[in-house]
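Whenever a hint applies, use it, and build me the whole structure from the sequences.
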Amino acid sequence: MTTPRPPGANAGAPETRSLWAALQDVADPEFPVSVVDMGLIYGLRREGATARVQLTFTAMGCPGMDFIVHDIRARLLQEPGISRVELEIVWDPPWTKNRLTEKGRERLQRLGMAV
Amino acid sequence: MTTPLPALLVRLADNKYLLGRRFSEWSTAAPALEAAVAAAAMTQDELGHARSLYAALQSAPDGPDAYLNEGRRLQRLGAPILRRPFRHWAEFVAAAGLFDRAMTLVFEAARNCGYEPLRQRAAKILQEEWFHGQYGQGWLRQLAAGPKTRAAMQAAVDQFWQPTADWLATVEAGARAANVLTKNTEALRQAWLDETRAVLSGCGLRAP
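Chains W and D supply the protein sequences, listed in that same order. No gaps in the numbering here: position 103 of the first sequence is 103 in this note's numbering, and each next residue is one more. No gaps in the numbering here: position 52 of the second sequence is 52 in this note's numbering, and each next residue is one more.
Take these hints with a grain of salt, some might be off.
[As the list claims (entries may be wrong)] Partner residues are not named here, just some residues of chain W that face chain D (Cβ under 8 Å, in silico):
hint, residue
1, A59
2, C62
3, P93
[What the hints assert, rightly or not] One side of the interface only, derived from the structure: several residues of chain W facing chain D at Cβ under 8 Å:
hint, residue
4, M60
5, G61
6, W91
Derived by calculation from the structure, the hints in this document are not laboratory data. Where a beta carbon is used, it is the ideal one built from N, C-alpha and C, also for glycine.
Have a look at this one:
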């Protein structure tokens, strides 16, 4: 599996772009950075009324897992035409700080994080 | 326990869980504040690995019902040496440097497993375990170098040596033949023995 990059809100088909934009509203519970800019979203697509999300976490023991899953599901269900969200947890390739978007990196650096 | 994959998953998960429990007991008792923080972080990792492996068991083919729910299982497959609290920080270090490393070797052998949930988890676990290995070896060298701590470190190594080797001898249980692991029992044991002997020799400790 090659290392995926978060395509952000400007990539993909229009109906998928709106989903990426929606996930910009979902912040990591530990940092004021969206799950997209944290690089946690490995895949996102719309199939009819279903949003399919491939998601990873920074650590396997991440205490925020349930919060993140809940928040992603809740936000995507607010999108017009989405009535179902399927989430798949992906561990390979493992998350590293290289998955941060430029925006995410800058924000974490402003918060004093060494990334 | 009838098939190699669920047997391996349970054996790994139970021992990750127990190791996490043991590490957690030092998150307020370690010899330095930084070590306590590290113990807490390692606890979080080990329990996260266990939780993820138990979840993988749910989707494993041929998983016996009796083993699918960790809460309902009467028989746990945790190594006896992990079933009681560590009495000394040196035992924490030996657990990280010897037993945890032995488990990591199993995940290295599962990196190309045909069962994707285990293969995926192995990738993440190996990433996180790299730090555990570095940390365990760092403390091993430090305790081995201290005139007042050297005997305790040697005693902890002696204590963990045979149980870890014995555990490695049981863990494969047909998993190599089923293409779950790329190494058989003897190869896993030999890799662990070679590596651990070199580490111990490098810091002046004796391999039992």
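Given G61 (chain W) as an interface hint, is the shortest Cβ-Cβ distance to chain D below 8 Å? holds, 3 Å
Restraint: W91 (chain W) near chain D, CB-CB cut 8 Å. Satisfied or not? At 4 Å from the nearest chain D Cβ, W91 (chain W) passes the 8 Å test, so the hint holds.
Hint P93 (chain W) vs chain D: min CB-CB distance below 8 Å? The hint holds - P93 (chain W) has a Cβ within 8 Å of chain D, the shortest such distance being about 7 Å.
Closer than 8 Å between Cβ atoms is the bar; does C62 (chain W) clear it against chain D? Give me holds or violated. holds, 7 Å
Does the interface hint hold: is A59 (chain W) within less than 8 Å of chain D, judged Cβ to Cβ? holds, 6 Å
Can M60 (chain W) be said to touch chain D, with a Cβ gap under 8 Å? holds, 4 Å
The structure fails none of the hints (numbered hints given earlier).
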